[in-house]
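Quick mapping for you: the protein sequence lines, in order, are chains E and S.
Note that this note's numbering has the first sequence beginning at 1, numbered continuously upward.
Note that this note's numbering has the second sequence beginning at 1, numbered continuously upward.
Since the hints were made in silico from the structure, they are not lab data.
Since we're looking at a predicted model, the values are computed, not measured.
Hints may contain errors.
[To be verified] Footprint (simulated), chain E over chain S, 3 or more residues, beta carbon under 8 Å: (1) 26-38; (2) 50-64; (3) 70-82; (4) 171-180.
[What the hints assert, rightly or not] DMTMM-like cross-link-like pairs, simulated, lysine to aspartate or glutamate; straight-line CA separation at most 25 Å: (5) E:K171 / S:D141; (6) S:K179 / S:D141; (7) S:K179 / S:E70; (8) S:K59 / S:D141; (9) S:K179 / E:E90; (10) E:K182 / S:E70; (11) S:K101 / E:E3.
[What the hints assert, rightly or not] Which residues of chain E face chain S? A partial, calculated answer using Cβ under 10 Å: (12) F15; (13) S65; (14) I66; (15) L68; (16) S206; (17) A208; (18) Q211; (19) L212; (20) V216.
Don't be surprised by glycine CBs; every beta carbon is placed ideally from N, CA and C.
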Amino acid sequence: MGEFDFSVWGPSLPFIRDGLLFSLRLTLIAMTGGIVIGTLLALARLSPFKPLSLAAGAYVDTMRSIPLVLVILWFFLVIPFLTGKPVGAETSAIITFTAFEAAFYCEIMRSGIQSVPRGQVWAAQALGLTPAQAMLNVVLPQALRNMLPVLLTQSIVLFQDTSLVYAIGAKDLLKAADVVGKNYNRPVEMIVLSALIYFAICFSLSLAVRQLQKRVAIVR
Amino acid sequence: MDYHWNWGIFLEQVKAGEETYLHWLVTGLGWTLAVSLAAWLLALLLGITVGTLRTVPHKGLAVLGATWVELFRNIPLLVQMFLWFFVVPELLPPDWGLWVKQDMLAKEFVTAALCLGLFTSARVAEQVRAGVGSLARGQRDAALALGLTLPQAYRHVILPQALRIVIPPLTSEFMNVFKNSSIAFAIGVMELTFQARQMQEDSEQGIETYLAVTLLYFICAFAANRGMAWIEARSRVPGLIAKPG
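The whole structure should be built from the sequences, with the hints applied where relevant.
Below you can see the structure in the form of structure tokens.
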């Protein structure tokens with residue numbers, strides 16, 4: 001190969017755009033679903049009902065101690081047995097990432113809920129709110145706000161992790177770069193392009209999160 | 001769909017060869033351990049150095065450290081693997097590049113360990129920097145007032161305390177190294193995940209395969225956790241608020 005030829009970047013753009021759109025879609029779906037399920041898991045972990053908190057804890061700890069690539073392979077293998085028919089790599093990836101990230105968002109939400117002062121709950125009770133209302137209207141909004149920067153940082157990590165769908169061949173940004181690189185026989189230039197795109201997105205998002213962090217801190 | 005369980009699969013021979021599937025998994029475990037431990041060693045050396053330099057009052061070093069951390073933190077590890085494996089040899093002088101591509105021994109292993117080590121070093125550096133930052137300012141001032149030079153203050157006062165403080169976060173980084181080593185499959189290191197995919201295709205006993213590999217990863221993470229806990233217990237600073245065990 002020897003010399004670089006970056007002219008391949010031009011014709012690759014439509015493919016890269018489609019790949020990037022899938023990566024972003026996967027990130028957004030897994031992030032939304034993950035935060036919702038993660039919050040439910042956090043509530044389950046904090047529940048006084050032992051079997052529930054143990055089950056949620058076991059789920060979270062298991063997910064957190066297995067490599068993501070292996071989780072991706074597991075789901076890709078097991079989902080067809082559960083649904084009875086084969087699913088595409090893209091659908092499998094969406095289910096996997098939502099389930100996997102939920103465990104990580106759970107731990108963030110749990111520490112967020114635990115960081116809300118106890119007096120808030122007492123005040124809510126004194127005002128006549130039921131425990132569910134207190135959780136939904138008083139504790140969770142504060143927990144979410146406290147944890148917003150951490151949740152977003154986790155989502156940047158999630159965006160980077162979506163590149164691992166490479167293991168099952170889903171067509172994300174990296175896969176698109178890979179395919180174009182093979183078709184034009186310019187794999188090196190395409191790897192560089194994908195690295196630049198990932199870096200540009202993740203670096204600017206993490207700068208934005210840092211700005212946000214300064215602004216959302218609750219003044220007490 | 002029906003699934004045919006076969007727990008004896010591990011002792012059966014692979015389709016094209018004499019060895020058993022168990023042999024594949026043991027080889028995989030060996031490469032996982034080799035990549036992870038080599039990467040961890042590199043990450044500790046570089047991470048402690050870079051993390052310390054970021055706390056030194058020197059503008060140039062601070063910028064260098066920040067660039068280091070941001071570069072490794074904002075590109076997916078898998079893409080970094082490809083960069084080191086496919087792109088870096090092209091950037092070397094032609095005869096070096098040729099040597100790397102053709103003659104270098106175990107180049108998949110070396111690349112994976114280097115890449116994972118550098119990636120992890122950025123994370124270790126952040127922990128070390130936070131550890132140094134968490135020390136009371138008086139520690140440094142007192143050391144300097146006693147006539148120690150800045151390097152001596154780091155060597156005898158600041159680092160011995162900071163490095164102990166950061167052991168718990170470093171424990172989870174060490175466990176992450178084992179998990180992240182799974183990405184080395186993509187450049188052809190024959191570690192556990194590589195063997196899992198290979199065995200799943202060859203034997204068509206996916207669930208047994210993945211269960212065994214998952215268990216092996218659990219054992220690695222557990223061993224890493226216990227090892228670091230042992231170091232933590234041995235190196236605890238007397239008089240600081242730290243729970244035993």
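Here is what the structure says about each hint:
Counting residues of the segment 26-38 of chain S whose C-beta sits closer than 8 Å to any C-beta of chain E gives 0, which falls short of three, so the coverage hint is violated. With 0 residues bearing a CB less than 8 Å from a CB of chain E, the segment 50-64 of chain S misses the requirement of three and the coverage assertion fails. Remark: the segment 70-82 of chain S is confirmed as covered by chain E, as 11 of its residues place a Cβ nearer than 8 Å to a Cβ of that chain, reaching the required three. A stretch counts as covered by a chain when three or more of its residues have a beta carbon under 8 Å from one of that chain; for the segment 171-180 of chain S and chain E the count is 4, and the coverage holds.
For the hint pairing E:K171 with S:D141, the CA-to-CA distance comes to about 56 Å; that exceeds 25 Å, so the pair is violated. At most 25 Å may separate the alpha-carbon atoms for a hinted pair to count; S:K179 and S:D141 exceed this at roughly 41 Å. Pair hint S:K179 plus S:E70 holds up; C-alpha atoms about 21 Å apart against a cutoff of 25 Å. Of the pairs offered as hints, the one joining S:K59 and S:D141 holds, with about 20 Å between alpha carbons and a cut-off of 25 Å not exceeded.
Using a Cα cut-off of 25 Å, the hinted pair S:K179 and E:E90 holds, with the two alpha carbons roughly 23 Å apart. A threshold of 25 Å between alpha carbons decides the hint, and for E:K182 with S:E70 the separation of about 30 Å lies outside it, so the pair is violated. At roughly 16 Å between alpha-carbon atoms, S:K101 and E:E3 fall within 25 Å of each other, so this suggested pair holds. A hinted interface residue such as E:F15 counts as satisfied when its beta carbon comes closer than 10 Å to some beta carbon of chain S; here the least separation is about 16 Å, so the hint is violated.
Annotation: E:S65 was flagged as interfacial toward chain S, and the flag holds, the nearest CB pair being 5 Å apart, inside 10 Å. Evaluation of the E:I66 hint against chain S yields a held restraint, the C-beta minimum of about 6 Å falling below 10 Å. Contact between E:L68 and chain S, as hinted, is supported at the beta carbon level, the nearest pair being about 7 Å apart and thus within 10 Å. Of the supplied interface hints, the one on E:S206 holds, with its beta-carbon coming within about 7 Å of a beta-carbon of chain S, less than 10 Å.
Hint on E:A208 is violated. Least Cβ distance to chain S is approximately 13 Å, over the 10 Å limit. Contact between E:Q211 and chain S, as hinted, is not supported at the beta carbon level, the nearest pair being about 15 Å apart and thus beyond 10 Å. Proximity of E:L212 to chain S is violated relative to the hint, the smallest CB-CB distance being about 17 Å (cut-off 10 Å). The interface hint given for E:V216 is broken, as the beta carbon of that residue sits about 21 Å from the closest beta carbon of chain S, more than 10 Å.
When each numbered hint is compared with the structure, violations occur for hints 1, 2, 5, 6, 10, 12, 17, 18, 19 and 20.
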